[in-house]
Every structure is written in C-alpha cells, then in structure tokens.
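My request is simple: use the sequences and hints to build the entire structure.
Number of protein chains: 2
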Amino acid sequence: MCLLVCAAGAHAEDGYDLWLRYRPIEGPWAMRYRSFSTEVVAAPGENLAAQELLRGMTGLLAVTPAVGRRITRDGAIVLGTPGSSADLGAFAADLETLGSEGYLIRSIRVHGHRATLVAANSNVGLLYGVFGFLRLLQTRQSLEALNVREAPHIPHRILNHWDNLDGTIERGYAGASIWDWQTLPDYLEPRYADYARACASIGINGAVLNNVNANAVSLTPQYLEKAAALARVFRPYGIKVYLSARFTAPIEIGGLHTADPLDDAVRAWWQHKVAEIYRVIPDFGGFLVKANSEGQPGPQDYGRSHADGANMLAAVLAPHRGSVMWRAFVYSAHQNEDRTRQAYDEFVPLDGQFDANVLLQVKNGPIDFQPREPGHPLFGAMPKTPLMLEVQITKEYLGFATHLVYLGPLYEEALRFDTHRQGLGSSISKVIDGMAGVSNIGAMRNWTGSQFDQANWYAFGRLAWNPETSSRAIAEEWVRMTFSNDTRFVAPTVAMMMGSREAAVDYMTPLGLAHLMAAGHHYGPGPWQSGGARADWTPPYYHRADAEGIGADRSTGAGSNSVSQYAQPLAAQYDDPKLTPEKYLLWFHHLSWDYPMPSGRTLWDELVMHYSRGVEYVQEMRRTWATLAPYVDSDRYAETSAYLAIQEKEARWWRDACIAYFQSLSKRPLPKGLAPPEHTLAEYEAISTPYAPGNPGWTAAPVRH
Amino acid sequence: MCLLVCAAGAHAEDGYDLWLRYRPIEGPWAMRYRSFSTEVVAAPGENLAAQELLRGMTGLLAVTPAVGRRITRDGAIVLGTPGSSADLGAFAADLETLGSEGYLIRSIRVHGHRATLVAANSNVGLLYGVFGFLRLLQTRQSLEALNVREAPHIPHRILNHWDNLDGTIERGYAGASIWDWQTLPDYLEPRYADYARACASIGINGAVLNNVNANAVSLTPQYLEKAAALARVFRPYGIKVYLSARFTAPIEIGGLHTADPLDDAVRAWWQHKVAEIYRVIPDFGGFLVKANSEGQPGPQDYGRSHADGANMLAAVLAPHRGSVMWRAFVYSAHQNEDRTRQAYDEFVPLDGQFDANVLLQVKNGPIDFQPREPGHPLFGAMPKTPLMLEVQITKEYLGFATHLVYLGPLYEEALRFDTHRQGLGSSISKVIDGMAGVSNIGAMRNWTGSQFDQANWYAFGRLAWNPETSSRAIAEEWVRMTFSNDTRFVAPTVAMMMGSREAAVDYMTPLGLAHLMAAGHHYGPGPWQSGGARADWTPPYYHRADAEGIGADRSTGAGSNSVSQYAQPLAAQYDDPKLTPEKYLLWFHHLSWDYPMPSGRTLWDELVMHYSRGVEYVQEMRRTWATLAPYVDSDRYAETSAYLAIQEKEARWWRDACIAYFQSLSKRPLPKGLAPPEHTLAEYEAISTPYAPGNPGWTAAPVRH
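Quick mapping for you: the protein sequence lines, in order, are chains B and V.
The first sequence: position 551 = 565 (my numbering), numbered continuously.
The second sequence: position 125 = 139 (my numbering), numbered continuously.
Hints are all accurate, no fakes.
Computed from the model, here is a short list of chain B residues facing chain V with C-beta under 10 Å:
#1 LEU179
#2 GLY181
#3 LEU202
#4 THR416
#5 ASP649
#6 ALA652
#7 TYR657
#8 ILE701
#9 THR703
#10 PRO704
Hints listed in this document are in silico derivations from the structure and should not be mistaken for laboratory results.
Note that the structure is a prediction, hence the values are computed from the model and not measured.
Every residue gets a Cβ at the ideal spot worked out from N, C-alpha and C, and that includes glycine.
Here it is, written out as structure tokens:
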C-alpha cells in the first residue's frame with residue numbers, strides 16, 4: 015500500500031532532496047542508531063535544530079522520538095546552547111573557543127543515562143551541529159564515544175548568485191532564477207526555505223542575491239522589500255543577505271549627476287540608501303561590487319581609485335557592521351598589458367589603503383575560472399588587505415551542467431596553492447577571510463542542472479568550512495548521502511568523480527592552455543575564433559599558436575613577465591620551462607611543437623595524447639556508470655547516463671576540433687595509434703550554437719570564424 | 015511508516031500532478047469502484063492505455079488488477095480496438111462513426127460476466143477513453159449502466175508555445191520553457207512525457223513548439239533533431255509536433271537573397287526543408303506562421319498577398335499531409351485605419367484563394383486577448399476558408415499567474431458568440447476546424463505559474479474537444495480532480511472561479527474598455543501612457559477618454575465603422591449605443607460621462623461602480639478561500655492565499671489608478687459611498703515595473719508617462 019501510494023506521487027527521486035535525502039537506512043544500522051535516538055532534549059528556542067533532527071530521525075530511522083526538557087532514559091540526544099535547559103557547565107570552556115558558529119558533538123552520561131550532546135553557542139551553531147550529527151548517520155558512522163569539535167576556518171562562506179531581475183541567470187545552466195521577483199515579497203515559495211536549509215547544512219552563511227553585473231533597480235524600495243522577505247526566510251538558517259551594488263546607482267535611481275565616490279552628495283545618497291536597507295534588513299551583510307571591469311562603471315570613471323570607491327561604501331556600511339566585497343576581477347580597457355598581470359598591477363599598490371570592512375574578492379586564478387589556472391598572484395601579495403577567494407561552482411568554462419566534472423579537486427588545488435609569500439606552506443587557504451562561490455543553482459528540479467553538479471555546491475560549502483578537508487573525503491560523504499552507502503557504488507563513483515576534473519582539463523585545455531572556448535557563451539571549442547570587441551576575449555590571445563609552436567610567453571625575457579608577480583621560488587620556476595610544472599607549461603611559455611617533454615614525447619605529441627586521454631576518461635566513466643544501475647533509482651540513473659553520453663560526444667568534439675585546428679598550424683602528424691579528427695577543421699568552425707544557455711547579452715559581440 | 019516515508023519525500027502536493035492526481039479515494043466509493051476493476055483485458059498494442067488505467071487503479075483504488083487477454087470474472091475492464099483481442103463485433107457500427115479519436119465506454123456482459131468496455135478505433139482513442147473512464151472515478155460518478163460515446167467536435171486542438179530558443183517564453187508566467195533545447199535530443203526529461211500525458215488526458219492533439227515570433231534557427235538540422243526527439247515522446251499520446259516558421263528563413267538560414275513566395279528558388283528551398291523535416295518527423299503537423307504582423311517578415315514585403323505566402327507553404331506541405339496555420343493577427347504598419355478593422359479588411363477579400371490545407375488562425379476578438387472583446391468579425395465572413403479560433407491560456411492581459419481568473423467563461427463566450435452569418439445560432443464554434451491555445455506552461459513545478467491556472471489549460475482542452483460543454487461543468491470536474499470531491503469545497507470553489515473573469519473585466523476594463531494595460535509587459539494599469547513606437551500599442555488609442563467622455567467610436571457615423579464588419583442584426587445593434595450590450599458599450603461608442611445607463615446611473619458612476627465591484631469580488635474570493643483550508647493541503651492552500659492577496663492588492667491598484675486617471679479628465683465626483691483612490695494620479699503614473707515577466711524585447715520601446 016505504501017509503495018503504491020508513494021509511487022502515485024511525484025517523481026520522488028528527481029534530486030530535489032539533494033544530500034539531505036533522509037531515506038530509511040538498512041535494518042542493522044537503523045537498529046543500532048535507534049538506541050541513540052530514544053528522545054530529544056531541547057529548549058523551545060532551539061526549534062529549527064530540533065525540527066531538523068526529528069526530520070532526520072523520521073526519514074532515516076522511521077522513529078519520531080519525543081521531545082522534552084529533561085533526560086529520562088538512555089539514548090537521548092541533547093541539544094544545548096548556553097542558557098538552554100541542558101546543563102553545559104562541563105563544556106563551557108570548550109564552547110567559549112568555538113565562536114558563534116562552531117559546535118560540539120559528545121557522547122556523555124547524565125545521571126547515569128547514556129546520551130549524545132550537540133552543543134553550540136547559538137541556534138545556528140546548533141543547527142550546524144544537528145546537520146553534522148545526521149551526517150554521521152547518513153554516512154553510516156558509529157555513534158559511540160563521539161568527540162566532535164567543529165568550527166569554521168573561514169568566516170565568510172558566501173554564494174554569489176549571478177541572477178538577473180528578469181529571471182535569467184548569467185552563466186546559469188539550471189533554468190531560471192529561484193528568486194521569483196515578480197511574486198516577492200508577497201509569496202514565499204517553499205523552495206526559499208529549502209535553499210536556506212541546504213546551504214546551512216554545509217555551513218554557507220551568506221548569499222549575494224543578484225548578478226555582479228548589477229542593476230541599480232535592485233536597490234529601489236520595491237526590490238529591497240523583496241530582498242528583505244528572502245532575508246526573513248534565511249535568517250533562522252544563519253544566512254545573511256548581500257546585494258551586488260551598481261556603482262552608478264546614485265545616478266540611475268538617485269537622480270544625481272555623478273557617482274564620484276568623493277562627491278558629498280554621492281556619499282550622502284549611499285548613506286541614506288544603506289540606512290534604508292538596514293531598516294528592512296537589520297542584519298544585511300553588505301555589498302558586492304564589480305567596478306571598472308568588463309564595462310561596469312566604477313570609481314576610475316571619475317579619476318578615483320578602487321580604494322576610493324570601496325572605502326566610500328565601506329564607510330557608510332561600517333556603522334551597521336556591513337562589509338564591502340570588492341572584486342579584483344578587473345582588466346584594463348586598453349588591453350596593452352597581458353591580461354593575467356592587470357589585477358595584480360592595479361591592486362598591489364593599494365594594499366593598506368582599504369578600510370577594515372573591505373574584502374577584496376579575488377578569483378582563484380589570474381584569468382577567469384578556467385579548467386586549470388595557477389594561483390592568483392594577488393594572494394599573499396596584499397598582506398594588509400582582507401582577501402576572499404572567488405571560485406565558480408557553475409561550470410561556465412567546464413562543459414556546463416552536462417559534463418560530469420567534480421570541482422572539489424579544483425577548489426582544493428586553489429586553496430592549497432602555495433604562494434611561498436611567507437615561505438614554504440603559504441597556501442592561499444591561510445590568507446583568506448572568505449570564500450565566494452558563483453552559484454550553479456536554478457529553478458530546475460535538481461537545483462543545479464544535473465545530479466552530479468550538486469556535489470560542487472556541496473564541496474564548496476564543506477571546503478569553505480574547512481579547507482583542510484580532502485576533496486576525496488567530501489566526494490565520498492556526498493555520494494553516501496546523495497545516492498547510496500553501498501561500497502560497490504561508493505568506491506567506483508568517488509573514483510570517477512575524482513579524475514573527472516583532470517579529464518576536462520585534458521580534453522579542453524591541457525598543459526596550461528586556457529580560454530579556448532567559443533566566444534560569448536563559452537560552450538564548446540573555438541580556438542580559431544578571433545576578432546570581436548576585445549582581443550582578450552578570444553582564444554588566440556591565450557594560446558598564441560603558430561607554425562612554430564604554442565603557448566603564451568609570460569616569462570621575464572621576451573614575455574610579459576607576469577612570472578615576476580609570484581614570490582620566489584615560484585617566479586624562477588615559472589620563468590624556466592624546464593622547471594615549470596607541466597600542468598602550467600603553456601600558461602607561461604611559448605614552445606616549439608617539437609619541444610621535448612619529460613615523457614620523451616614532443617610537445618605536439620604530448621598535447622594530442624592529453625586530448626585523447628581526456629576523451630578516454632569520459633568513455634571510462636560511461637562504462638563505470640553502466641555497471642551502477644542496480645544502486646540508483648531509474649530517473650537519476652537515466653539522467654546521468656544521458657549526460658555522460660553528451661559529455662563523451664562533446665569531449666570528442668573538443669579533442670577533434672582543437673587537434674584539427676592546432677594541426678593546421680603545427681603541420682605535424684598525429685602520434686601513432688591516435689585517431690584523426692572525425693571532421694575537417696572547416697566543419698568544426700562552422701558549428702554554431704548561438705542559444706547555448708547562460709550567455710549574457712553583453713558578450714555577444716560577433717567574432718570572426 | 016507509510017506516512018513517514020511519504021512525508022520524507024518531495025513536496026507531493028505542489029501541483030505537479032495536475033488533474034491527474036490519482037490519490038486514494040474515500041472508502042465507500044473505493045469499495046464500490048473496486049468491484050468494477052477486478053481485472054484488465056488488453057492486447058499488447060494497447061500498452062499506454064492499459065498502463066494509464068493501472069496507474070489510475072493503483073493510485074485511486076490501491077489495487078493493481080491483473081492484465082490478461084480474456085475475461086475471467088465479473089468486473090473486468092476491457093480495452094478494445096478493432097483487431098485487438100476484445101470481440102468488438104457488437105460495436106463495429108458504433109465505432110465506425112467515431113473517427114480515429116473517439117471512444118465508447120459501455121457496461122457490457124460477456125459470457126455472463128459483468129464488464130466495462132472501453133473501445134476506440136486507435137490506441138490514442140483508447141487512451142482518451144481510459145482518461146474518460148478514470149475521470150468518472152475521479153469525479154465520483156457511478157460506473158453502472160455506462161453508455162458514453164465521445165468524439166472530438168473540433169479536429170485541430172493545439173497548444174501554441176511562445177517559447178524561445180534561449181529558454182525564455184514570450185508572455186510566459188511560469189518560469190523558463192519546459193523544452194531544454196540545450197540537452198535535447200540527447201536527454202529526454204521525464205517531464206516531456208508528463209506534459210504529453212496531461213495534454214492527452216484532455217484531448218489536445220498538437221503542439222507548436224516555438225514562438226510565433228519565430229527564429230529561423232528552429233528549422234536548422236540541429237534543432238529539427240531536437241523537435242524530432244520531442245515528437246517521438248509525444249507520438250504515443252496522439253500529439254503532433256508543429257513549428258512556427260519564420261518567413262525569411264530561406265534568407266537567414268538558406269543563403270538565398272529573397273523570401274519571395276513566388277520565387278522558384280524560395281519554393282524549392284521550402285520544398286527541400288519540408289522533406290528534410292518529414293524525414294525526421296514523419297507525422298509532422300505543419301507550420302504556424304505570423305507574417306507581416308508586428309514587425310515579422312511576410313509575403314507583403316515582396317508585394318505578395320497572405321494567400322500567396324500561405325499557399326506556397328501549403329503546396330510544399332500538402333504531399334506530406336501537413337497544414338499551414340496562417341495567423342490573421344495582422345494590423346497595418348501605417349496605422350491609418352482603426353486597428354479592429356484591419357484583419358477583416360485584409361483577409362475577407364482573400365476568401366476562396368487559400369489552398370485546402372491552409373487554416374486561418376483568428377484570435378477570439380479583433381484586438382488582442384483582452385479581458386473581454388466582441389467576437390472577431392472574420393468568423394463566419396470567410397465561408398470558403400477553414401478557420402481556427404486562437405485564444406490565450408496564458409494571462410498576458412489578465413493579471414499574469416497571480417490573478418485567479420478562470421478563463422472557461424471567456425472561451426465559452428467566444429465559442430458561443432453568435433455571428434448571425436447564417437442566421438440566429440451561427441456561433442463561432444460551428445465554423446471552426448481548430449482551436450489554438452497560447453500555452454501558459456513553464457518549468458515551474460506547478461506547470462502554469464499557479465494552481466488555479468491549471469484550470470485554464472484544462473478548460474481549453476475540454477472545450478476544444480466539445481465546445482458545447484459548459485465552463486461551469488468543466489470547472490467542477492477540474493476542482494474535483496485537482497483538489498477534492500467534498501461538496502463543501504467544490505461548490506464555493508466553482509462559484510469563486512465562475513465569477514472571476516467578470517471580476518477581472520470589472521477591475522481592469524469594464525463596459526467594453528480594452529487595452530488599458532501598461533505598455534510592453536502589460537502588467538498593471540497604464541491608461542495614461544502614450545507615445546512610443548506605435549499609437550495602437552498605447553491605451554489612449556483604445557479608451558479615447560477626454561473631458562467630454564470615453565470610448566472608441568466604431569459606429570457608422572463619425573466612427574471607424576468597424577460595426578459594419580458584423581452581420582445583421584449585430585451591425586445595427588452595435589451601431590446604436592442604446593442597443594449595444596453594455597459589456598461592449600465603450601468598445602463601439604464614445605459617450606458622454608453623463609450618458610444615462612440602463613441602471614439609471616450616469617456612465618461615469620457606472621464605470622466607477624464596475625471598478626469597485628471587481629475589487630469587491632476579489633475580496634469575496636479571499637474570504638471564501640479562507641474558509642477552505644480544511645480541504646486543501648497546506649502548500650497549495652498557502653500559494654493560493656498569497657496569490658489572492660496579491661490579486662486584491664493589484665485589483666485595487668487597477669481600480670484606483672484607472673479612476674484617478676479618468677477622473678482627471680471627467681472632473682466628476684465619485685458616486686456616494688465609494689472610496690477615492692488611495693494615491694494621487696502622479697503616484698500611480700510613477701509606478702514602474704520594468705522586469706515584469708514575459709515581456710519580449712521587441713515591445714520595450716519607451717512610452718511617455
């Protein structure tokens with residue numbers, strides 16, 4: 015009867031539940047866990063945490079323990095915050111060092127009764143603790159002798175939504191925006207709370223609601239009310255609302271004639287605006303600003319510096335304890351300097367000039383969310399400025415939602431990138447105060463455009479909480495929570511995920527290549543595309559391939575000398591092709607097609623070999639997935655199968671199109687045994703996909719084929 | 015346990031199940047029905063019908079009857095088509111007259127066993143029959159002595175999707191397009207089949223996939239493959255795929271220098287293109303064409319007539335049995351003639367010139383999907399031309415998705431509009447060969463943007479199947495299937511729905527007014543807006559309000575004489591304000607603010623009274639809905655409550671803004687007891703909602719406030 019009724023309902027296994035998929039667990043584990051879940055002790059103020067706990071118990075264990083104020087038997091779960099009913103005296107010292115978001119999970123004894131304590135300094139910390147506790151069950155870990163102590167390593171863990179007011183999402187591959195601006199603030203879709211809950215479950219504590227290519231209308235009273243309604247939904251989950259601020263808002267919605275940050279009227283306008291925001295959103299997080307970048311207005315339009323602009327906003331936000339996240343993703347309009355150098359050259363001289371509540375938000379690499387980039391040289395080079403690391407969760411340059419590319423290893427590589435600024439071990443993770451992830455969330459039922467892209471949202475949150483976690487451990491956690499704890503499923507799926515990013519690097523941009531994607535939408539290969547509005551929006555600017563060789567010379571000699579922006583010994587290493595890690599080789603050097611690689615192959619052969627290897631990995635993923643049908647429900651299995659087929663087709667397209675193009679310059683034969691491109695270069699050049707999703711109008715300038 | 019497990023799943027009651035909500039029915043009814051559902055007799059080819067039947071039985075009755083080839087006991091359901099296992103000899107004559115889509119449902123006796131026969135001439139007819147049978151259960155009707163005989167009255171029952179290739183929908187209020195062009199044809203979302211199933215359940219047999227403001231790229235091989243994949247999903251459900259064709263496709267994707275329909279190369283291009291389409295979609299339905307209308311290209315650009323253009327396409331489609339649906343929604347670019355006259359003047363002279371497989375698709379009224387319009391004068395005036403009636407299911411001019419406006423009465427009014435062309439009783443429904451509904455479907459979970467907008471999709475299908483059905487009966491059916499059979503819910507909800515369209519007329523455009531909506535997006539009132547690209551896109555063109563009075567003079571005297579396009583006695587009636595039905599009064603006449611109305615009130619007082627009455631109706635709907643919480647699940651209840659609150663707010667906005675504006679011209683006091691507008695006219699004029707959804711770029715020309 016139950017099965018029939020459930021079956022008659024909606025497609026339950028559509029991925030909507032994410033990793034919070036509280037389905038009944040195997041009998042022996044359930045029995046064991048039930049003896050640790052006999053009752054819940056919670057104070058009324060700990061409502062949301064207790065609710066989540068009960069939801070987990072009900073779903074996972076099919077029990078609904080009573081909730082009371084006192085322990086009455088063995089197996090209680092005690093939720094405690096200072097001031098709640100639970101006696102936390104024994105843990106006071108411990109709690110004191112946990113901050114407002116940390117939590118403890120401890121096996122304790124109270125009046126002879128065995129119990130599990132989840133304790134924190136705040137209701138949000140407690141909610142985090144409950145999610146942490148449930149994760150133990152979801153991943154089938156023992157509940158005996160628990161001694162968990164968790165606190166976030168990074169204070170700002172923020173999703174950046176590039177969502178527009180018309181419901182589209184720049185670089186979004188999961189449908190329309192989940193914010194329904196039309197019905198806000200009057201109608202609160204259940205999905206808003208589901209979003210907040212999912213974010214809280216992985217420790218995300220902020221959301222920038224609107225696109226960094228910002229619309230001033232977001233700051234009008236009408237839209238502030240809408241943002242305030244979302245803030246009310248998010249607040250109990252510990253998520254602060256931020257807004258992207260358009261620098262010229264004082265002109266566009268304020269009726270002023272300038273947006274000069276040193277103009278008194280401008281400052282007064284922002285002061286007034288910020289006060290207005292805090293009236294409706296008392297815990298407003300602050301502004302994210304993309305200024306003087308890709309056509310966005312900024313302080314330089316008035317002869318002022320980034321610091322002038324950021325500090326003006328910081329000054330009006332400071333009394334309210336708000337922050338400015340100022341993006342370092344800028345490159346000059348005149349393009350006379352290697353683009354990879356520009357942010358560093360522009361911002362390093364400003365170190366020390368920013369107000370205390372300015373965070374400089376720096377992308378992981380010096381270009382723009384490529385499959386692989388070396389670390390951004392700004393990290394470590396601005397010791398007096400709080401920095402945030404910005405990574406992309408949405409896969410603009412990584413095959414969109416249909417390519418299975420687990421980004422955990424990319425985030426890990428970025429966080430662990432050793433800048434050597436303070437000597438060996440100066441990883442980026444040590445110098446950041448925040449981590450921003452450009453969200454991949456949309457209104458599609460599976461949230462992220464594909465089942466496996468949920469893992470990237472998850473990994474972002476988990477790594478922002480603790481950058482020391484391994485991306486493999488996170489993948490395993492996610493697989494167990496999202497799909498199955500059967501090791502016959504877990505092991506091959508985690509293995510598949512772990513190699514998937516390297517495979518994408520191989521079939522798109524191996525050996526340090528970058529930005530070979532077709533212009534505008536960045537979907538599919540376009541290494542031949544030149545022309546258009548800006549040279550630095552075209553692939554040849556990056557690969558510099560010609561009859562002699564390939565790669566961008568950024569060395570000290572004839573190159574752009576961007577290597578000098580790195581600390582030693584990196585600068586010296588990157589300056590010498592023999593010392594440059596192979597994965598960054600063509601990022602820093604233009605080398606002959608015949609350049610001898612460590613493998614003994616020529617560069618040309620090595621390049622083709624990498625392209626081929628990427629395709630083979632995808633084929634291998636398909637073979638693996640085909641064996642996993644018994645462990646996955648049919649809808650999620652079918653979606654993943656279809657997407658892997660798309661990925662294989664597109665990986666081949668990438669390989670063949672790039673090889674066809676580069677071969678037209680190198681004039682060299684393919685290494686023995688490797689198949690030639692399926693089509694001619696002209697055929698690849700003729701492929702046009704003008705409606706590939708996520709493409710903002712402003713990049714749509716035509717390019718020459 | 016069941017409840018717990020189900021509860022842990024997705025939000026089951028989010029409206030995704032539409033009216034096919036096969037939830038367990040009350041015990042006594044279930045027991046009764048089970049005795050009619052003991053086994054299913056079906057041939058293998060009747061698979062989809064049998065599957066649907068079992069799905070219904072499982073959900074509604076919690077039984078899964080065995081499926082066999084022979085009746086073995088009392089209570090069998092026998093599915094039969096000629097040639098299937100069931101012996102249909104006794105019904106052969108009956109079936110012969112049913113056509114390929116009709117069905118019978120009969121209580122029969124076979125070898126002494128009581129059984130229910132569902133019979134049809136095709137598998138699609140059988141599927142329709144199964145949906146018809148299940149509807150009996152869903153609406154709690156007796157299964158004794160059944161003698162149902164159904165066949166569609168109108169052959170073409172088609173949804174028009176105004177969906178763009180970038181995933182947006184023109185005039186769409188339910189999120190992004192449900193067609194994911196990016197992943198088609200490789201991935202087939204489960205939703206595609208769910209869509210087809212829902213359409214089949216109400217007899218819809220065609221879908222135009224793409225916007226009438228068409229993009230030629232839809233006709234490229236890449237996109238034809240995508241359309242073909244959808245056609246494969248839809249085919250078993252009896253739904254043919256159609257495409258909107260851009261008239262200049264031969265230039266844009268064909269490389270020709272002209273799209274002149276009389277040019278041999280152009281004709282050859284289309285011939286080739288159509289052959290290519292039929293290779294991948296063997297049952298392709300044909301083209302929908304918007305030509306020489308609102309900036310779309312067409313035959314007139316080459317000095318040819320609409321007939322020249324339509325016939326050229328018809329000729330190349332005819333060998334494949336495809337049709338051309340040619341839209342009559344045209345109005346001249348020079349605007350020197352009353353817009354309501356233009357389609358008639360342009361098309362009536364062409365009657366008899368169209369090929370047999372051209373259907374002229376005419377909107378229900380002469381303007382454009384207003385809350386109320388008189389019937390379009392073309393109906394009945396082109397006896398030699400097959401006509402289709404085009405109505406809007408999406409609510410462009412009707413408050414979008416958040417206004418509860420049940421359109422059944424509007425469709426009914428349109429279908430029953432008596433043209434008198436063949437004397438009394440010449441209703442539009444008698445002269446049409448097809449009905450096209452501009453779809454309100456999007457990717458939102460509830461499909462249509464709101465729970466109650468599902469009723470408009472439903473009513474469209476049911477009325478296209480049989481225009482004689484009453485919209486009230488359809489509303490009741492829908493409420494019972496979608497929400498509850500409890501008469502304490504059914505009666506007030508149906509009553510609420512039935513008056514809702516008249517209420518919208520009242521608070522937006524009473525007494526024959528039209529097109530007072532703000533420009534471009536058509537959201538909210540804008541009766542003061544003039545200027546912009548075209549006078550006939552602005553409200554003053556329609557209301558003609560001034561110090562003396564209000565209304566558009568379309569009479570024979572000083573007016574535009576559009577009344578003469580109607581047959582007698584309508585023409586005479588509409589020519590005389592005293593004889594003109596009050597609901598069309600200001601459509602045909604410009605009258606003094608003091609014009610005495612039948613009620614004894616002045617026109618001004620009557621106008622204000624109507625505006626006020628509309629708001630009061632919405633208030634009454636809110637009061638009614640507030641009493642219905644016990645009968646509805648919490649999510650659908652909350653959504654509807656929130657939307658009704660929005661509707662009340664916006665109905666007031668409409669009333670107050672229109673009264674403030676008209677009062678600025680009439681200078682007359684409000685009738686006693688009616689509240690003045692809440693804000694000043696200037697305040698209403700200052701309201702701007704640039705990101706109201708569904709607004710296509712091409713209407714965004716700025717207008718003067």
